[in-house]
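Student: One-letter residues, chain by chain:
There are 2 protein chains.
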Amino acid sequence: MSMTIDAQDRTGRPAQPVAPVVPTVGAVRPLGIERIRIDDGFWGARQRLNQESIIPHLEYWEERAGWLKNFDAVVDGTVADVRTGQKFADSEIYKTLEAMAWEIARSGDAGLQTRFDRIVARVAAAQKPDGYLNTRFGNAGQPPRYSDLEWGHELYCFGHLIQAAVARLRTGHRDQLVDVAIKAADHVCEVFGPDGLQRVCGHPEIETALVELSRVTGDERYLRQARVFLDRRGHGTLGDIEFGRSYFQDDVPIRDNEVLRGHAVRALYLTAGAIDAGIEEHDVRYVDLLRAQYDRTLARRTYITGGMGSHHQDEAFGDDFELPPDRAYCETCAGVASVMVAWRLLLATGDLRYGDVIERTLYNVIAASPSDSGRAFFYTNPLQQRVAAAAAPADELSLRAQSQLRAPWFEVSCCPPNVARTFAQLASYVATQNATGVQIIQYMTGDIRAELDVGVVELRMTTGYPDDGVVTIDVDSAPDAPWTLTLRIPEWAESAVVTVDDAEVPVVGARCTIPMTGSGHRIVLHLPMEPRIMEPDPRIDSVRGTVAVARGPLVMCVESVDLPVGVDLESVRIDAAGALASTRSGVEASGRLVGYEDAMWPYRSVADEASRPAVPESEPFRLPLVPYHTWANRGPSTMRVWIPRSHTGRPAA
Amino acid sequence: MSMTIDAQDRTGRPAQPVAPVVPTVGAVRPLGIERIRIDDGFWGARQRLNQESIIPHLEYWEERAGWLKNFDAVVDGTVADVRTGQKFADSEIYKTLEAMAWEIARSGDAGLQTRFDRIVARVAAAQKPDGYLNTRFGNAGQPPRYSDLEWGHELYCFGHLIQAAVARLRTGHRDQLVDVAIKAADHVCEVFGPDGLQRVCGHPEIETALVELSRVTGDERYLRQARVFLDRRGHGTLGDIEFGRSYFQDDVPIRDNEVLRGHAVRALYLTAGAIDAGIEEHDVRYVDLLRAQYDRTLARRTYITGGMGSHHQDEAFGDDFELPPDRAYCETCAGVASVMVAWRLLLATGDLRYGDVIERTLYNVIAASPSDSGRAFFYTNPLQQRVAAAAAPADELSLRAQSQLRAPWFEVSCCPPNVARTFAQLASYVATQNATGVQIIQYMTGDIRAELDVGVVELRMTTGYPDDGVVTIDVDSAPDAPWTLTLRIPEWAESAVVTVDDAEVPVVGARCTIPMTGSGHRIVLHLPMEPRIMEPDPRIDSVRGTVAVARGPLVMCVESVDLPVGVDLESVRIDAAGALASTRSGVEASGRLVGYEDAMWPYRSVADEASRPAVPESEPFRLPLVPYHTWANRGPSTMRVWIPRSHTGRPAA
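Sequences listed follow chains W and R, in order. The numbering used here applies: residue 56 is where the first sequence begins, and numbers increase by one. The numbering used here applies: residue 56 is where the second sequence begins, and numbers increase by one.
Please keep in mind that the hints were generated in silico from the structure rather than gathered at the bench. Don't take every hint at face value.
What the hints assert, rightly or not - Just a few of them, taken from the derived set where beta-carbon distance is under 8 Å, the chain R residues facing chain W:
id: 1; residue: V442
id: 2; residue: A444
id: 3; residue: P448
id: 4; residue: S640
id: 5; residue: E643
id: 6; residue: S645
id: 7; residue: L648
id: 8; residue: P657
Being a predicted model, the structure only gives us computed values, none of them experimental. Just so you know, even glycine gets a beta-carbon here, dropped at the ideal spot from N, CA and C.
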């Protein structure tokens, strides 16, 4: 399917939606967080956690780790001596500011506004008169500006600064942060323009930020600069490195690429920016090409959780079907970035399958990151843990991004603020509109208001999803003229039922579109929440002979803390044809145990296979599974998403 | 079985064998390269390649990359400005000197001796009066000595310097290199002694070097210093790092460890040094404990090739049974290090199973590294390649240690000189002796001479192994008094037959011990060379449902260059119960092809499995396999050692 560009929308609307992504054209439009409010349930709780715990935790650690003080040290001239943190530490402050900006708009928290202003003042003080702003380069005693574009992250930091400013503009504030970001953006256009430095940044991010700034300010110079960066990329202006230039997507021009590769977050941020630019340039072919790259990535390089990135070493995509569960990197930030791309494609094309991707990733990657307390985070999200990890220190900066238990803060701490900004802007992903209707993308409890051409629609959505599959939508207000309500039917929900005022309507494929008139109606979506046994494509070598369990949008896992005492998770098999039952905490499957022979050498000839007894399996036992996103919340444990199939319970091949 | 310490041997023999490892006690003793000569066949060709190509190639690149010039730059005071290479670049020079030392003794190459002396003079000139010698630390404008023990590799470099000097002493030279190394060793004892700096080196190596220096000089101070380093290790004297202190084995004392972990080469070098020290201290329990650690590593953390190291990121062992074929690191140096450990255990215990490990590793890891030309090398040795690599530049330093095609030189170039020193000293691993007999460990064509208590034995061994399995041993000279000839029977050779003067003798287990008297006898060993289908332990998740093919000591692989045009290796299945045949180039198995359905999402519910047709497989076709060590010698290709089993050809489970 090609992207439909709805040129009508170019005429401009009086007020832009309060949303993180606002394309001027697209099949559907975001409603934004002013028109959608989540007020309870799975995501409501996480938005409260974000306000009460996660954002204050970010502020605390950014101060404690010295990353905010780096800005003060630029002002007092000591930064070369006292600076702490990675090269890109500034960006964590900016992402936190972005999270705060959305959260201020969402909750109207006045205290948060005060804290925000204080941070902005410290950042602003460090900006140079020409707009340059960085605590790691260009100050006395530091390496010169743009002297390490491969690893220096200067433009990446500017990108996050600009995204924070875009959040402020979209939420109705033209403040000091906006001035700082526009000055920085102007500086970038000056230095890296068509006749300027012929380089790109090792970490994409500036591209999407510049297009968004162009959208919100109407200044097309920023869009043109994004295009300059996009077209310059892939021509080897960055130096070669151990991982190859594919690591930062500087080996092949974007247009010549087939599937996302290299560092996952970089590849996804770049794709988001390229889609943004393509949309604003009305380049349907370009957006289609990016969509095909992302679709191939979903088909061949994505974990069942929605996670992306198969390598720890370079935080990169693997080859097609190289998806090891134990060494899954699935960086939380790559989950955020995949949602960014999927959301842009959904807006551009109206294809609700991207809503499936967003749902999968929200529930099984992004929700997995924060602990129940909101004060510790997963950086990576592997699908198997063979050895229970040592507990991460509860109050120390972790040197290990790959911490197997959630850690309060990391030497590389990109993920916690990325979770925070996503949670704060989450309502924006719940629904979209076009001229004639509303599309419900995610099922949550809350209110939705849309201004259609025929009038205002107000909806109240109530659900216990994903614990149960009943979603009730009450049309509190709507015009008498015809409009449509579209529901996303998740790919796994083969037997979904929709009723309108108790009358069943047909459901076909990924969407259920209901012609509506007037208010007072009740639409109920019944999603089948029976647990499912899932099998992988046979080309995924690392999970051959295994299955996973899912329930609704949730991928389940076995955790050793739920096994009978003395049972090793590595000896557990699952009856793929056995009964499954939902329980309070998850799912119960039929498990069996196998015994192993220990040998000096773990390989043997199969010559005598026929004469050898099959590995004996126990009688079935009740095997409890819990949602993957909850794993390790009860302390160190071993864990598996993919469980070897029992031979006893297996039908003959 | 416990190590047997043969205390008799402590009385000392007039001449130490010319060998890389000469313990003063042990179940068996090395014969050394003066008493064993390989003159043809698989390994004879590689020793010639080493002399004619590999060693000159090392000299060329170490000069071209500037690593040798670093020593000159220390002398002229410019090193802080002009130094090139990694922190440990000095060690490559020392390993090359060690290779040259053994090669000079093996071949008597006078030109090589001259080249050796020239390099030694340049190295020696850079030594400080107090014995310190390093081109990266401690010179004007450089960081101070021992200011970065985590990553600085200073003691590691000294270790290789000392090993080169030990090679010179064992081959009968007390020259300038020996003086330099002893001065350096004395400096190390001074600085890091019991009352000195309470630190260890991030990369073990000094330990085995000091014990060997102690053995060859008789100076027990070096042994005591090795013990100081061994006992100090595991107490966190090194700083914490991203990978944790287990990376350099500084988290847990050696005695408290269960299985090797962390960086594979570091873990194995440390184990080699600890065994060396334990042997010299007659600490049977300590050596037994190290043996148990290594045995567990073989049983749970070793690839079918003998390769070790499952992670690219930290070049480290994985958890038990975490042995992904595609991301197998299997660094060539880890193969060398594993041979070092296995050889020490074989000498200590007389257990010929360690000869199996050495054989497996020599044929499937170390022999895999150099190209046919001897001018390009594998650094890592993965067991699967899904995408054909771009050809490595033929004449450029590779930034990528993980180059998927052999590269002429690496930014980190530890492996090529490690291969060279192993090839040059290879004869030493062919046979051992004790007071009453000779043990043949590896089967090669050449001559063996042993001085037993009852007299001199001279053997001529002739074989086409591993192409064929017939090994003929002619006893050219032997005393009339009784002695024994022991043959290692490889673990895979279940139906081996041994004849003495055409009369069959019984073969039981890992060894065949033949009572001998007098000369003129002919012993023939017939090893079964029929190809075998091998299956992995079911706990190795990443290769579940696959089998591998082996023939004799060679692990085989499928390379895409051998498949019919248009056939994708990923669609190949193997009949595990099908016929196998040896061919000129390897083995032919029965393959089948499967077709795949491409889908938008590579996971699906198994609910309808029973009603779904099984994935169709083609009629069988002849599937050619070649020895793993030859892979990629015919250009870029995809490759698999572990091949998914055909369902058609599979017996019911």
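Student: Does each hint hold? Answer for all of them.
Tutor: Structure-based check of each hint:
1. V442: holds (5 Å)
2. A444: violated (11 Å)
3. P448: Violated, about 11 Å.
4. S640: violated (22 Å)
5. E643: Result: violated, 17 Å to nearest chain W Cβ.
6. S645: Status violated, d = 13 Å.
7. L648: violated (13 Å)
8. P657: Cβ of R:P657 sits 4 Å from chain W, so the hint holds.
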